[in-house]
Amino acid sequence: METTYEQEVGNRLRNLRESRDLTRKDVEHLTGKEFKESILAMYESGTRRIPTPRLKKLADFYAVPVSFALGEAQAMNQTQSYDIEAMLMSDPKYSEEEVELLRHVINIIKAKRKAEGKE
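Just so we're aligned: 326 in our numbering is position 23 of the sequence shown, and the numbers increase by one with no gaps anywhere.
Derived by calculation from the structure, the hints in this document are not laboratory data.
Wrong hints could be hidden among the right ones.
Unchecked claim - Computed cross-link-like contacts, BS3-like style, restricted to lysine-lysine with a CA-CA straight-line distance of at most 25 Å:
| no. | residue 1 | residue 2 |
| --- | --- | --- |
| 1 | K336 | K360 |
| 2 | K359 | K396 |
| 3 | K339 | K359 |
| 4 | K339 | K360 |
| 5 | K359 | K328 |
| 6 | K328 | K360 |
| 7 | K359 | K336 |
As the list claims (entries may be wrong) - Okay, the calculated beta carbon distance ranges per label pair:
| no. | residue 1 | residue 2 | range |
| --- | --- | --- | --- |
| 8 | I342 | G420 | 39 to 49 Å |
| 9 | K359 | T306 | 19 to 29 Å |
| 10 | K421 | K339 | 36 to 46 Å |
| 11 | N410 | K339 | 31 to 41 Å |
| 12 | Q310 | E419 | 36 to 46 Å |
| 13 | E340 | Y308 | 17 to 27 Å |
Owing to the predicted nature of the structure, the values given are computational and were not obtained by experimental measurement.
Even for Gly, the Cβ is constructed at its ideal location relative to N, Cα and C.
Assemble the whole structure, with the sequences as input and the hints as a guide.
What follows is the structure in C-alpha cells.
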C-alpha cells in the first residue's frame with residue numbers, strides 16, 4: 304500500500320513530537336490550545352491534511368523549518384541547529400533498525416563528549 308502525502312507529513316509531525324518526549328495533550332497545552340489533541344491526531348495519522356499556515360506554526364513550535372517538516376532535504380550550516388533525533392525519525396528512508404543504530408552511535412558520541420568535559 305502506497306503512503307499518501309498526508310501520511311508522510313503526519314509521520315514526520317508525530318516523530319518530531321515524540322522526539323521531544325511530548326504527548327499530543329502536551330502540545331495542546333503548550334500551544335495554548337491552538338492545536339487540539341484530536342486535530343493533532345488526525346494530522347499525524349494522515350486522515351486530515353494540515354493547511355500550510357498551520358504546518359508553519361507547528362514547525363515553528365518544534366523549531367524546524369517547514370521544508371524539514373515536509374521532508375525536503377535541508378542543507379545545514381553553522382547558523383542552523385536541528386534536532387538530530389527528529390531528523391532521524393522523520394526520514395522515511397531509515398528502517399527502525401537503522402534509526403536505533405544511529406541513536407546508539409549518537410549516544411556514544413554524547414557520552415564521549417561528556418566524559419571529555421565538552422558537553
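Does the structure break any of the earlier hints, and which numbers would those be?
Result: no hint breaks.
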